[in-house]
Amino acid sequence: MTNLSRRDLLAATALVIVSETVARAGVVSGQLPWHPDAGSPPEAVRPGAWQFFTEQEAAAVEALADRIIPPDPQTPGGKDAGCAVFIDRQLAGAYGHRQGLYTRGPFVKGIKEQGPQSAQNPAETYRAALAALDRYCKSKEGGKSWIELPGERQDELLHAVESGTVELEGIDTKSFFETLLKDMQEGFFADPIYGGNRDMCAWKMIGFPGARYDYRDWVGRHNERYPYPPVSIAGRPDWTPKKT
Amino acid sequence: MTRKLPKKDVVIVGLGWTGSIMANELTEEGLDVVAIERGPWRNTATDYPPNYVQDELRYRIRHELFLQPEQTTFTFRNKMDQTALPIRSWGAFMPPNGVGGGGVHWNAETWRFLPSDFVLRTHLTQRYGARFLPADMTIQDWGITFDELEPYYDRFEYLCGTSGTAGNLKGKIQEGGNPFEGPRSRPYPNPAQQQPFSHALFAKAARELGYKPFPQPSGNMSQAYTNPLGVRLGPCTYCGFCEWFGCANYSKASPQTTILPVLVRKPNFLVRDQSEVTRINLDSSGKRATGVTFVDTSGTEWEQPADLVILSAYTVFNVQLLLLSGIGKAYDPVANQGVIGRNFTHQTISDVTSFFDPAKFIFNPFIASGSIGMCIDEFNGDNFDHGPHGFVGGGYMGQVQTNGRPIETTPTPPGTPKWGAKWKQAVRESYQSALKPGTGVHGSMYSYRDVYLDLDPTYQDRFKRPLMRITMDFHENELKQNAFLTDKFAEVFQAMGARQVVKEYRKGPYDVTAYQTTHLCGGAVMGTDPKTSAINRYLQSWDVPNLFVMGASGFPQNAGYNPTGTLAALAYWSAEAIRSRYLKNPGPLLHA
Amino acid sequence: MREALRKRAAALAAGAAALALALPLLAANHPGSRENFAIIERGRYLTVAADCAACHTDPHQSTAFAGGRPIETPFGVVLAANITPDRDTGIGGWTDRQFDTAVRQGKLPDGKRLYPAMPYPYYTKMSREDVLAIRAYLNTLPPVHNDVDSNQLPFPFNIRSAMWLWDALYFSPGSFKADPAQSDIWNRGAYLVEGPGHCGACHTPKTFLGGDKTRLQFQGYSIQGWFAPNITNDEAHGLGRWSNADVAEYMKKGHNRIAGASGPMGEEVADSSSQMTEADLNAIATYLKARSGQTLAASSVAVNDPMMVAGAAIYQDLCSACHRGDGHGVPYLIPDLATSSTAASREPTTLIRVVLRGAQTVATKDEPTGPAMPSFGWQLTDAQVAAVATYIRNSWGHAGPVLTEDEVRKARGNLAARND
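Residue numbers (the numbering used here), protein chains in the order written: chain A, 1 to 244; chain B, 245 to 836; chain C, 837 to 1256.
Bound-form chain A, shown alone (with noise of 0.2 Å):
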């Protein structure tokens, strides 16, 4: 009853990426599609519960990441630094049943310049190894496990895996352990919204600023040490107003 207003309810849609009556491709013409809210952001993984390892895999795998990324008085290790969190729900996600990957057989052993080409996913790679490293423990070191071993044992035995002289049981061992490498390092420089990068501590411990997108102030400043705090996609704690 006023006319306050007089522009419909979908004036501003300007969504042109409409479904044609048969056909299901999209079809954008007239103008640049756009809707409000638009965007596809990420999900912020949310500490709990393991997603995919079972507790005992979660603490060997945690053992793991403290010593490929040792605990320092600066910086947190692998295990404080999330880096367990960031690979079980990787794992649990895309990552871990090669989702967009060609997966498609016969599956052939190759040459190494031909990439890796087995059948199996990283989530079953993770579940198999971590059973076949148990397995190996209890059979050499005298019916412990894994977690049980001593920080110098677990160095000594990693290196051995490194090197190739530790062959875990129907494993390809080297391959498994530059997987493992790469995927704790991942975690510990991805994002902290991933899990890992506890409170951006990997970032804080070289000077990485982050998802910052502005260095316009800083690129004709040579030789002069970045001021600013990393950045998270999550922000940062100056972010929150501090309570008066």
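Don't take each hint at face value.
In silico DSS-like links for lysine-lysine, alpha-carbon gap of 25 Å or less [as the list claims (entries may be wrong)]: (1) B:751 to B:732; (2) A:112 to B:747; (3) A:204 to B:604; (4) B:666 to A:204; (5) C:1201 to B:510; (6) A:242 to C:1246; (7) B:662 to A:174; (8) B:448 to B:416; (9) B:724 to B:323; (10) B:323 to A:112; (11) A:109 to B:751; (12) B:662 to A:182; (13) B:747 to B:456; (14) B:323 to A:109; (15) C:1246 to A:243; (16) C:1013 to C:943; (17) B:604 to B:666; (18) A:182 to B:666; (19) A:112 to B:662; (20) A:174 to B:666; (21) B:724 to A:112; (22) C:1049 to C:1013; (23) B:747 to A:182; (24) B:251 to B:510.
Facing chain C, according to a computed beta carbon distance under 10 Å, are these residues of chain A, among others [unchecked claim]: (25) 211; (26) 239; (27) 240.
Please keep in mind that the hints were generated in silico from the structure rather than gathered at the bench.
Predicted model, so just to flag it, every value in this text is computed and none were measured.
Every residue gets a Cβ at the ideal spot worked out from N, C-alpha and C, and that includes glycine.
Using the hints provided, position chains B and C relative to the given structure of chain A.
Frame of chain A, contents of chains B and C only:
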């Protein structure tokens, strides 16, 4: 059952750089144009905004903006006697996908090839004699000259707002630019970008060594720019998330930031996204294309009839569509006959990682743009006498480090363990004081008889079509070239004062897991003779004159530069031939 | 004597202005004739200037002016009428007088009153000749059979006869009278703004019944989840720091060195003002810029206020890559928050909205880029949105109150119910 859509004047297969250029040019003629794109529509604020695009895991490691191998991939082998296996996850190159194509996630390095690159066989034979070239090297002239292409390079640079310093203005060498470049008709539309510390340091050292360093020509804007179509770009903010990422603040030239806003407004233009073209259809004579067949996301097959077909997909997919559609004779390396799949090339990239004193050098490697960098061109193409060295080809080299993203760019000095406390300490110490240009030596790869594309006998895509098979290995010529260039490159880092310089030579065999560039070239090359080329100098198919094939698939061999400037210039050149000649008299523009 | 001369001069000037404003109707005795190209063309232009299509063309239908588009009001939805010359369902059977009465008096041929969703309180300022020129143009359109039941309002608002009260309160009929003390260009601007342009429909604050608060004319008002900003020459909230040319360019291109139009204003630019003549847009600018407003006042929010501190951090990390640290953006591409009236407007509705949901600016022939603001609603909490909005509204010379988390929470809730 295939359903038929109403006929269009033009159908464009793939809406990346060349498809967008061609669509814009042909709609200007009043033609009714439809572009069919395998991937999704995407644009700045809706698909790669500045509040989540800077996600190294998602875009750099998991490749979100690229073609997913599940949709289709290639098989690969080094030698003809090996069994090719599928590339299950991308490595050496990253096929693009979606509207904008590689133009969305490129670094925007916008080079021109050298005048001699276009007449390569003639030039090298004249200078060194035919016997200087390896017997199985199949390089050839392009059928077009640099001077013919110059106006179209110029158009592309002004479309993009390329930032750079001219080195040769109408034959006059310019201080601060690349003195080896072919004569350009006018300066770059924008001044060069600012250079961060390490890039400036490289330039200083190179100058002291007697080279002529110059800023890499950049499609990242050094200032706000309005292109001739009226589309505006903002200034680059040196965010360090350029290649592999979309640009979130309208400051990198892409089809989205230069052409598409104008193109989509035209009533005679339409995009169908998420639709994969599976075949170019021919009439009963086999000499005329009648349109294309594509499949939408529901799996429904459609026929899109058209008078003119523009094939502007990625290199390998152009070749695949020609083979699957029975256009042109498939290449047979044993008989050395046929053209489709012939003269396939990539690039010969190597790097030098160097370590400086952390107490004296703070590089802030995260401050960078995609095409940042200072380069030298003394060792590119035939800019130097190859006589004493026993190889041909070359490349530009430079401190072109585009990022300090920590998953990718945390180099450690030689001898550092790959894990443990020492690794962690080395990462901490080296991050701010190590340099890793990424594609520091950007070498050419010339063509050979046994490097080619054909259809794989075993592996198939989701439509049960054979995957493309890549047979590729480095040849002695390229490995020698790379050793020579890498040594020269390393000398500059020594001169910059590095404590340690690690040369990472490119070595054989060709490894499909090690990223080089996405510059796959050839397979449907241009030339003067239908026996050795698929398309003529106007990019028109010799066999089907109402089919034009865009892109780097037309390069007879690859030069020591990034290919986008050249393939975009060729698209403008081809569009001009269609507009001024073909439309008036549709048919072959040249007779063999 | 001198007084009499002055009045006489003024009267002459007024006559001249009226002549300039009235169309040169040489064939005025048949204003509705389909034969008169000049009238039809003028009618077409006025149909654009009055933005009839904004309501009477359903964007989801291919037929222009056939009505049916839902018009949102706080009391419910009204459907726009079919104004094609269809005899049964459109206006084909109306006489010119009936058409004129509907447009300028808000009364239908059967005597019922229109809801003021139809902006007759503004159109009443138009001349009869202009209204009949619009009729002449509409008569040239293909008739479309589309029976629209306009009234979708719930009881008691569905009782049209109640509208006499509204009219008595808020409707002052009568054509525009030129002000002889003002220039021709000012008077032309006034005619366009007050009449066909009906700028006040969005930009003038309303009473609870939706009538204009004429005392606050053009000082800005919230509609459809947007704030139509102050368009007086107010430095703090309005067009005070825009030149006349900035205003005209904005209306023509949807963009100028300071701002880009989005939401309902983006539509207005696309459908209406981008198609108007530069002379008319200059006239509108002249009229609007002649209306005085407040000057800039210093912010009273301390820079170390926790909301400002958090807001500055968010601004530096998320906003500066486009809008720059100094707020100035990129001319014609990224809005200048330091100079923009949107950032500083009395109510933060638009600012909160575009931060939460993003916005696309209009693309026009002259400015085809159509840059868009991404959505931050998924990323920022209500308190963080309040902080960054507080920072923007108290930086670079702006002054506004500290926003609260609650205000943002409410705005987020209101927006969630909207699909635009």
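A quick look at each hint next to the structure:
1. B:751 to B:732: holds (17 Å)
2. A:112 to B:747: This hinted pair holds, its Cα atoms lying about 22 Å apart.
3. A:204 to B:604: Given that 25 Å is the threshold and the Cα spacing comes to 20 Å, the pair holds.
4. B:666 to A:204: This hinted pair holds, its Cα atoms lying about 18 Å apart.
5. C:1201 to B:510: holds (10 Å)
6. A:242 to C:1246: Holds, at about 21 Å.
7. B:662 to A:174: holds (13 Å)
8. B:448 to B:416: The given pair, whose Cα atoms are some 24 Å apart, holds under the 25 Å limit.
9. B:724 to B:323: With a Cα-Cα distance of about 20 Å, the restraint between residue 724 (chain B) and residue 323 (chain B) holds, given a limit of 25 Å.
10. B:323 to A:112: Since the Cα atoms of residue 323 (chain B) and residue 112 (chain A) sit roughly 14 Å apart, the hinted pair holds (cutoff 25 Å).
11. A:109 to B:751: Holds. Residue 109 (chain A) to residue 751 (chain B) sits at ~22 Å (cutoff 25 Å).
12. B:662 to A:182: Judged against 25 Å, a Cα distance of about 10 Å means the pair holds.
13. B:747 to B:456: Distance of about 22 Å is within 25 Å: holds.
14. B:323 to A:109: holds (16 Å)
15. C:1246 to A:243: Between residue 1246 (chain C) and residue 243 (chain A) the Cα gap is close to 21 Å, so the pair holds against 25 Å.
16. C:1013 to C:943: Distance ~22 Å between residue 1013 (chain C) and residue 943 (chain C) Cα, so the pair holds.
17. B:604 to B:666: Since the Cα atoms of residue 604 (chain B) and residue 666 (chain B) sit roughly 22 Å apart, the hinted pair holds (cutoff 25 Å).
18. A:182 to B:666: holds (17 Å)
19. A:112 to B:662: holds (20 Å)
20. A:174 to B:666: holds (21 Å)
21. B:724 to A:112: holds (23 Å)
22. C:1049 to C:1013: holds (20 Å)
23. B:747 to A:182: holds (23 Å)
24. B:251 to B:510: holds (18 Å)
25. 211: OK, holds: residue 211 (chain A) within 10 Å of chain C, min 8 Å.
26. 239: holds (5 Å)
27. 240: holds (6 Å)
Comparing the model with each numbered hint stated earlier shows that all of them hold.
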